[in-house]
Structures are given as structure tokens and as C-alpha cells.
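Fit chain B to the given chain L structure using the hints.
Protein sequence lines correspond, in order, to chains L and B.
Heads up, the first sequence is in the working numbering, so the first residue is 2 and it goes up one at a time.
Heads up, the second sequence is in the working numbering, so the first residue is 2 and it goes up one at a time.
Treat the hints with caution; some may be incorrect.
Claimed, not checked - Think about it this way: if two alpha-carbon atoms lie no more than 27 Å apart in a straight line, the pair counts; the simulated DSS-like pairs of lysine-lysine are: (1) L:K375 x L:K158; (2) L:K320 x L:K284; (3) L:K359 x L:K375; (4) L:K256 x B:K57; (5) L:K375 x L:K162; (6) L:K262 x B:K57.
Hints were generated in silico from the structure; no laboratory data involved.
As a plain string of letters, each chain reads:
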Amino acid sequence: MKFIRLFLGMVFGLGCFANLASAQIKIGVAEALTGNAAQYGVPIRKGFELAVSEINGSGGINGQKIELVIEDEQGKKEEAINVFKKLIFQDKVLMLFGPTLSNSAQASDPVAQGAKVVVFGTSNTADGITSIGNYVFRNSVTEADILPVTLKVAAQKTGLKKVAVLYGNDDIFTKSGYDNFKKALDGLKIPVTTTETFAKGDVDFKPQLTKIKSSNPDAIVISALVAEGAPAMVQARQLGIPLPFIGGNGMNSPKVFDLAKDNSDNLWVGSPWSSENPAAENKRFIAAYQKAQNALPDQFAAQAYDAMYIVAQALKKVKLSGKLDADRSALRNALPAVQFSGATGPFKFRQVNDKDGKPAGYDAVQTAIVMMTKGNQYVIQK
Amino acid sequence: MLAQQFVNAISLGGVYALFALGFTLIFGVLNVVNLAHGAIFMLGAYTALQAVVLFKFPLILAIAAAVMVTGCAGWLLDRFIFAPLRARQAPHLAPMIATIGLAISLNSTIQGIFGAENLRFPVHGLAAEGLQVGGVQITWLELQIILLALLLMAILLWWLNRTRMGTALRALAESRKAAALLGIDVEGLFRMTSVIAALLGGVAGVLIALYTNAVFPQMGQPMLHKGIAVVILGGMGDIRGALLGGFFLGCAEVFSVAYVGSTMRDAVAFGLLFAILLLRPEGLFGKAAQRRA
Numbered sequence: 002m003k004f005i006r007l008f009l010g011m012v013f014g015l016g017c018f019a020n021l022a023s024a025q026i027k028i029g030v031a032e033a034l035t036g037n038a039a040q041y042g043v044p045i046r047k048g049f050e051l052a053v054s055e056i057n058g059s060g061g062i063n064g065q066k067i068e069l070v071i072e073d074e075q076g077k078k079e080e081a082i083n084v085f086k087k088l089i090f091q092d093k094v095l096m097l098f099g100p101t102l103s104n105s106a107q108a109s110d111p112v113a114q115g116a117k118v119v120v121f122g123t124s125n126t127a128d129g130i131t132s133i134g135n136y137v138f139r140n141s142v143t144e145a146d147i148l149p150v151t152l153k154v155a156a157q158k159t160g161l162k163k164v165a166v167l168y169g170n171d172d173i174f175t176k177s178g179y180d181n182f183k184k185a186l187d188g189l190k191i192p193v194t195t196t197e198t199f200a201k202g203d204v205d206f207k208p209q210l211t212k213i214k215s216s217n218p219d220a221i222v223i224s225a226l227v228a229e230g231a232p233a234m235v236q237a238r239q240l241g242i243p244l245p246f247i248g249g250n251g252m253n254s255p256k257v258f259d260l261a262k263d264n265s266d267n268l269w270v271g272s273p274w275s276s277e278n279p280a281a282e283n284k285r286f287i288a289a290y291q292k293a294q295n296a297l298p299d300q301f302a303a304q305a306y307d308a309m310y311i312v313a314q315a316l317k318k319v320k321l322s323g324k325l326d327a328d329r330s331a332l333r334n335a336l337p338a339v340q341f342s343g344a345t346g347p348f349k350f351r352q353v354n355d356k357d358g359k360p361a362g363y364d365a366v367q368t369a370i371v372m373m374t375k376g377n378q379y380v381i382q383k
Numbered sequence: 002m003l004a005q006q007f008v009n010a011i012s013l014g015g016v017y018a019l020f021a022l023g024f025t026l027i028f029g030v031l032n033v034v035n036l037a038h039g040a041i042f043m044l045g046a047y048t049a050l051q052a053v054v055l056f057k058f059p060l061i062l063a064i065a066a067a068v069m070v071t072g073c074a075g076w077l078l079d080r081f082i083f084a085p086l087r088a089r090q091a092p093h094l095a096p097m098i099a100t101i102g103l104a105i106s107l108n109s110t111i112q113g114i115f116g117a118e119n120l121r122f123p124v125h126g127l128a129a130e131g132l133q134v135g136g137v138q139i140t141w142l143e144l145q146i147i148l149l150a151l152l153l154m155a156i157l158l159w160w161l162n163r164t165r166m167g168t169a170l171r172a173l174a175e176s177r178k179a180a181a182l183l184g185i186d187v188e189g190l191f192r193m194t195s196v197i198a199a200l201l202g203g204v205a206g207v208l209i210a211l212y213t214n215a216v217f218p219q220m221g222q223p224m225l226h227k228g229i230a231v232v233i234l235g236g237m238g239d240i241r242g243a244l245l246g247g248f249f250l251g252c253a254e255v256f257s258v259a260y261v262g263s264t265m266r267d268a269v270a271f272g273l274l275f276a277i278l279l280l281r282p283e284g285l286f287g288k289a290a291q292r293r294a
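Okay, chain L solo, but in the shape it has when bound (with noise of 0.2 Å):
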């Protein structure tokens, strides 16, 4: 009898705990958090657990918490197929977000799109992945948006009125880099004095830069990963252009501090984020995360915990129904109209069309932070 009434007591409480559980918003997760893609996936899903925390610990959304179902899609697009299917249709999680790769993000966010499910990247900055459908957000800001603004305030900043371009042309990222900054250029109606390449692993750039200095630019605009860019820097200073060098997000590493040592100085990025960034947000953002993790956040961090604000404040305005369908929907409308001001800085979204034209998923708008390196750090200069 004894024995009857504690199982009977067990299953009850079981249901208590399944009934509980049940009223929680669920929340999947899909990042890549083994492989080589990990080492942006890891800190993605910190911010995410941070903001839950934080979001939990202060009542949650109009009285229930949030509940994280977290899957590792290992940077492959495979995975996060099958990893979004699960999510979906087995854990019925009210929205996801994901996968850490735009490759992964070409792939699987079809299936949230046909599932009606949002889908929301925060690390996904490649053209097209919100053209997919209106299911389909992010927070995650481009190299197209970045990039004019790191030229517009340069220009400001430094006075120039011309540059010279330097870019590896064998290399996809650096060359669409090269592309967008072309385009901002033109935009910006700032004359290129000359345009130089390199190829993957050259070590030699004097001849290009010789070639740059004798045309008498005002400033030096490069695509180029740490790994050219910063002797190629170097090399400059060694030939007595002591002119500003404009990169893109390649060239946004605190490696280059290392790989051009002394050398570093006057080098302008944009990077949605900055630990330097002294807005009240992105500092109680450093201290809890330092205080959760032990560890200094960095972009990818600070992108995730910001997105789970965003969300939060879109459940806030919405009735959830219990009724998973009405819910998925509910939420994707409410989404659009979020307005947020976190560790990133000031943000809203910008709906995007589709290949025919058509009304699709949301970027970004938000304003790069453009950062000057001096003396080994970062300065803001915005």
C-alpha cells in the first residue's frame, strides 16, 4: 500500500512537473558547437543562456520562463537539417535560432520556412539567407552595411579625399569584400588612385606598395585576412607611407596587435561590436558575462545575447495560446516591430525581398562601431 501510494505520488508529481514544463516557452537552439565553426557556436550559445538567465531570474515573460532545448549542428548542412527537423516537429520548440554558418543557414532554413517556423540567425551575414522567406530573421550586420560606414567615418575623421586599394583577389571573402568596399566607394564618390592585388600567402608586398605610394593616395583601403594584411602594413611603414589602412571585417582581429606589432597603429574597422564600447548596455553585458563565464565575451556572444532580448521583448506583446500553430505565427508577427538598444547598440529590423522581388525575411539595421587601432588597442572614433 505504502509502496502504491509513493508511485502513485511519483506520477503525480511527474504530471505536476510535465504540466510545468508545458508552460514554458521553448526555445531551440541549433549552433555548431563541435567542429571547426565551434569556436563561433561556443560563445553563441553563452549569450543565449546568459540573456535566459537573466530573463528567467526577472520573472520571465509575463510570468513563464523560457526553456532553451539546445542541438549541436557541428557546422555541417546536413546536420543542421536534421537537427531543425528535430527542433520542429519532435521538440515543437515556438521558434529557433540558428544554424552558426550561412552555408548551414542556405540549408536548413528552408525547412523552418516550409514549417512556418522563425528562424533567427545572429552570426549569418551572407547575402540572400532572409530573401529565403518571412520567417526568416537576423540580427547579424554584413560587410555591405559595415563597410560603408567605416569609409564614411574615416573620411570624416581623417579629411581624405582619394585612396588607393589593395585586395588578395584569389580568396572569396576578400574579393567580396573588395566588391562591397568598391561600392561604397562609389557611393561615397571617393576616387581610387590605383588598385592593387595579392594572392594567398604572398610575403612580399613592397612592389604593389611602392606602386601605391609613387600614385599619392590619402589613405590605403584594404581586403585582406590578418595573416596578409598585417605585413603587408608593416612593409608600408617600412617604405615611409605612414597613411591610414581602411579594412574589413578580415582585418577586424586583435591578431593583427601581434602580427604587426608597432606597426598597428592607424588601421580603422567596423565590427558590430566592441569590448570598448561604453554604453551602460554592452557594460552591465561585459561584467555578467565575465562574472558567468570567467572569460571576456566577443562578438558572437554579444550578437546572441542581444537576440534573445530581441525575442523576449516580442514575446512580451504577444497571447500565447497554447496552441503551437496560432503561437509560431503570433510570434512572427509580432517580431517586425521590435525595437531594441543592447550590447550591439541601437537596433531595428529592415524586411528584405525575395529573388522575384516579393516581401521576404528581415536583416539588420544597426551602425557598425568604427574602431581606430592605437598603441596596441582599439579607440572608438563614433
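Then chain B, alone, in the frame of chain L:
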């Protein structure tokens, strides 16, 4: 601009020549195309880097350390790869293929230990400071590379032409059998040549790593391609040819950037090389062809 590009060309040429000296020596004497020379070059750079970073050696001692390590590598290379193949009278291609394997193993080992990313020497002054003559900038390091390439060539030429050992080496290069009949220690000379060639590669590795400001596991690969071109251009196995070929390739590359465009850098340089080889298939100092005859 012209004067500065000329200085750029000469220092780049010095870099290529320095690399090509060891490469051509080993071909001239051992008759082996040593495709591990790029890896040994890389080994020299990493050794010196570790000596500076870990043991806080001054640069000159770090170069000495690199010479020791790459010299040992050259000894091991001959002892365990070239000598056994010689003893078995392996066909021409066997040692070349073996050196490809060695290069891959060395690259992977270094990459496993130090990672694939670029490293740099923490020494500043030397590479940055320099002279300014008119509008032309040249760093002390570039001057040293050019002078060292010339000096090493002079020493090698003197050694080959004016010493008994050099005479023996030339005899060996002409005919192994005849040299052995004359009582020359053939195996010992082979081993020594391998050691000298490797340590030349090691010195080149350190200086070029300082010059380009980049140490990475694959750093020998592009240099090896250029080195082969230089040696073929100069005449396989010829010391003066390595130097002249190096300066020629340096000039061709730099001036193609200056007057044609940087996208055409290698195309113009190697196109010119091809044209020269059409006119002189045996290279600038065509000894190799004579020897074969």
C-alpha cells in the same frame, strides 16, 4: 618610384638567391632535386623563432641555433634517405619523391606543434630601421640579405675552385666513379654537401622570415617554386647562376607589378622565364647540359 622599385627588386632577388644557393648546390653535387629544401628552410625559421621566444637568445645566436638544427637535418636527410637510395642505385626520381614525403612530414609535424597560423619574430629594430637615400627606403635587413647572398656565393665559389675539398667535390660532381677511383671519400663528401646545403637553407629561412614578417608551416612552398625557377634559369647546379637567376626573377616580378599590374605578377615573371629558356634551354650558365654530354 623607379629607384625604389629597383631596390625592392634587388632585395627580393637577394631573398630568392639565398634560397636557391643551397638548392642548386645539392643538385650540382648529389644530382638530386631536393623538394624538402622548402621544409628545411621553414625548419630554420621556426628554430630561430623558438630560440628567440623561449630562450631569449639574441638574433645572432638564434641564427646559429637554426644553422645547427638544419645542419643536423641535412645530415639525417643524407644518412637515412639519400645514402640508402644511392647504395641501391635507385633511379633518378626516387630521391626526389622521397624528399616530397619528407617535406610533407616536416610541414605536418611543425603544424601539429605550433599550429597553422602566422607567427612573427618579436625583434623589432632590425627589420624596421634603415637608410633613406633620396626618396629611396632600404632597411638594414634588406642590405644584409643582399650582402649575405653575395658573400655566401663568393665563399662557395672560392671553396669549390680554390680548395682541395672543393676540387674533390667538383671531381665528384663530374663522375662519381672516377672520384672514388682517385681515392676521394665519396660518401663523406655527399654527406657534407647535404649538411652545407641544408644549413644554407636554414639561414635563408631565418632572414626571409624576418624580411617578410611571417613564419608559418607552408612558408617554404611558394619559395620552393620560385627557387626551382631560379635554379633552372641560372643553370642547374651553378652557384653564380643561382645568384643571377634570383636577381633576375626579383626584377621580373617587381617590374611586372610596377608597369603591367599586380594581377599579372607571376604571369609576366614566369612568362619571361619561359622565353629565356626557349633561347637558352641550358640556363644562363649552362653547365648541366655539358656535363650530361
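Hints versus structure:
1. L:K375 x L:K158: holds (15 Å)
2. L:K320 x L:K284: violated (32 Å)
3. L:K359 x L:K375: violated (46 Å)
4. L:K256 x B:K57: Holds, at roughly 22 Å.
5. L:K375 x L:K162: With Cα atoms ~22 Å apart, K375 (chain L) and K162 (chain L) stay inside 27 Å; holds.
6. L:K262 x B:K57: Roughly 18 Å separates the two Cα atoms, so the pair holds.
Of the numbered hints listed earlier, those contradicted by the structure are 2, 3.
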